[in-house]
Amino acid sequence: MKLKVLYFARLRERLGMAEEVVELPDGMGMVAMLLDVLRARGGAWAEELAAGKNFRVAVNQDMAGMEAPIEDGDEVAIFPPVTGG
Amino acid sequence: MKILVDDKDFDVGAEIAALRAGNPHIGAVASFVGLVRDTNAGSDVASMTLEHYPAMTQRALEAIVAEAGQRWTLLDVTVIHRVGELQPSDQIVLVAVASSHRADAFSACKFIMDYLKTQAPFWKKEQTPEGARWVEQRATDEQAAARWSE
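Taken in sequence, the protein lines are chains A and B.
Residue 3 is where the first sequence starts when you use our numbering, and the numbers rise one by one after that.
Residue 2 is where the second sequence starts when you use our numbering, and the numbers rise one by one after that.
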């Protein structure tokens, strides 16, 4: 399945990209599994998305937890804690 | 309800006038305006850039206002949040809440700001004499939002 993955703010800069299409094997239908695939790239990916790091995930524009389901065509955004207001 | 994300400035007086226009049930309006400070975390701030997640911002703000509407009796709400480059003293955000009595307006205004600070996808980047840096979320912001679910 294919996901559109977006990165914002400090993570966008550290990872060097704003968006990409990530292809996952069928059956990897959870946010945590996408993160495992991204971490496996090593470098800044492994560092910034490490388990203890403070970041947020949204699936189809709603805040989501690590166990949230993901499906083909979903938009997944990964970003630092928000600082508006 | 008016929710607007824009790079343009807003006129607080005009927004409050529009919020309460034509509704004689309104007995109270509480508002909050957030401004760019010229110092943060020990550094001078020359300017600030607000980034956001356009596809998500509007619906996140709508969800926060809807949640406030569940908790208090509100007659109307305006939320305006700016994006792009801002200078010290510029207005960043307006939350204005209209209700029949002041308690609902005060509480909902604070709730909306507290949730906006932790749920709405905006990020600030400051220009300082030491270079550009992303603003970190404060633990006190998380605590302020968490208090509403106690």
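Do not take every clue at face value.
[Stated by the list, open to error] Under the rule of at most 20 Å between Cα atoms (straight-line distance), these lysine to aspartate or glutamate pairs were calculated in the DMTMM-like manner:
no., chain 1, residue 1, chain 2, residue 2
1, A, K4, A, E69
2, A, K55, B, E86
3, A, K4, A, E73
4, A, K4, A, E15
5, A, K55, A, D28
6, A, K4, A, D74
7, A, K4, A, D38
8, B, K126, B, E86
9, B, K126, B, E137
10, B, K126, A, E73
11, A, K4, A, E49
12, A, K55, A, E73
13, A, K55, B, E137
14, B, K126, A, E69
15, A, K55, B, D7
[Unchecked claim] Reference listing, derived: stretches of chain A covered by chain B, where coverage requires no fewer than 3 residues with Cβ under 8 Å from a Cβ of chain B:
no., segment
16, 3 to 14
17, 60 to 72
18, 75 to 83
Quick caveat, the hints were computed from the structure, so don't treat them as lab data.
Don't be surprised by glycine CBs; every beta carbon is placed ideally from N, CA and C.
Original post:
Within 20 Å, alpha carbon to alpha carbon, are K4 (chain A) and E49 (chain A)?
Top reply: Outside the cut-off at roughly 24 Å; violated.
Original post:
Between K55 (chain A) and E73 (chain A), does the CA-CA distance stay at or below 20 Å?
Top reply: Violated. K55 (chain A) to E73 (chain A) sits at ~25 Å, over the 20 Å cutoff.
Original post:
For the pair supplied as a hint, K4 (chain A) and E15 (chain A), is the alpha-carbon distance within the 20 Å limit?
Top reply: Judged against 20 Å, a Cα distance of about 23 Å means the pair is violated.
Subject >> Agreement of K55 (chain A) and E86 (chain B) with the hint, judged by alpha carbon distance not exceeding 20 Å >> reply: violated (28 Å)
Original post:
Is K55 (chain A) within 20 Å of D7 (chain B), Cα to Cα?
Top reply: Distance ~31 Å between K55 (chain A) and D7 (chain B) Cα, so the pair is violated.
**OP:** Could you grab the alpha-carbon distance between K4 (chain A) and D74 (chain A) and see if it respects the 20 Å cut-off?
**Re:** holds (5 Å)
Original post:
Would the pair K55 (chain A) and D28 (chain A) pass a check requiring their Cα atoms to be no farther apart than 20 Å?
Top reply: Violated: K55 (chain A) and D28 (chain A) sit about 27 Å apart, past 20 Å.
**OP:** Assess, step by step, whether the Cα of K126 (chain B) is no farther than 20 Å from the Cα of E69 (chain A), and give holds or violated.
**Re:** violated (30 Å)
Original post:
Holds or violated: K4 (chain A) with E73 (chain A), Cα cutoff 20 Å?
Top reply: Holds: K4 (chain A) and E73 (chain A) sit about 8 Å apart, inside 20 Å.
Original post:
If you draw a straight line from the CA of K55 (chain A) to the CA of E137 (chain B), is it 20 Å or shorter?
Top reply: holds (13 Å)
Subject >> Given coverage of the segment 3 to 14 of chain A by chain B, checked by CB-CB distance under 8 Å (3 or more) >> reply: holds (count 4)
**OP:** Decide if the proposed pair is consistent with the structure: K126 (chain B) and E73 (chain A), CA atoms, cutoff 20 Å inclusive.
**Re:** Given that 20 Å is the threshold and the Cα spacing comes to 33 Å, the pair is violated.
Going through the hint list in order, the structure does not satisfy hints 2, 4, 5, 10, 11, 12, 14 and 15.
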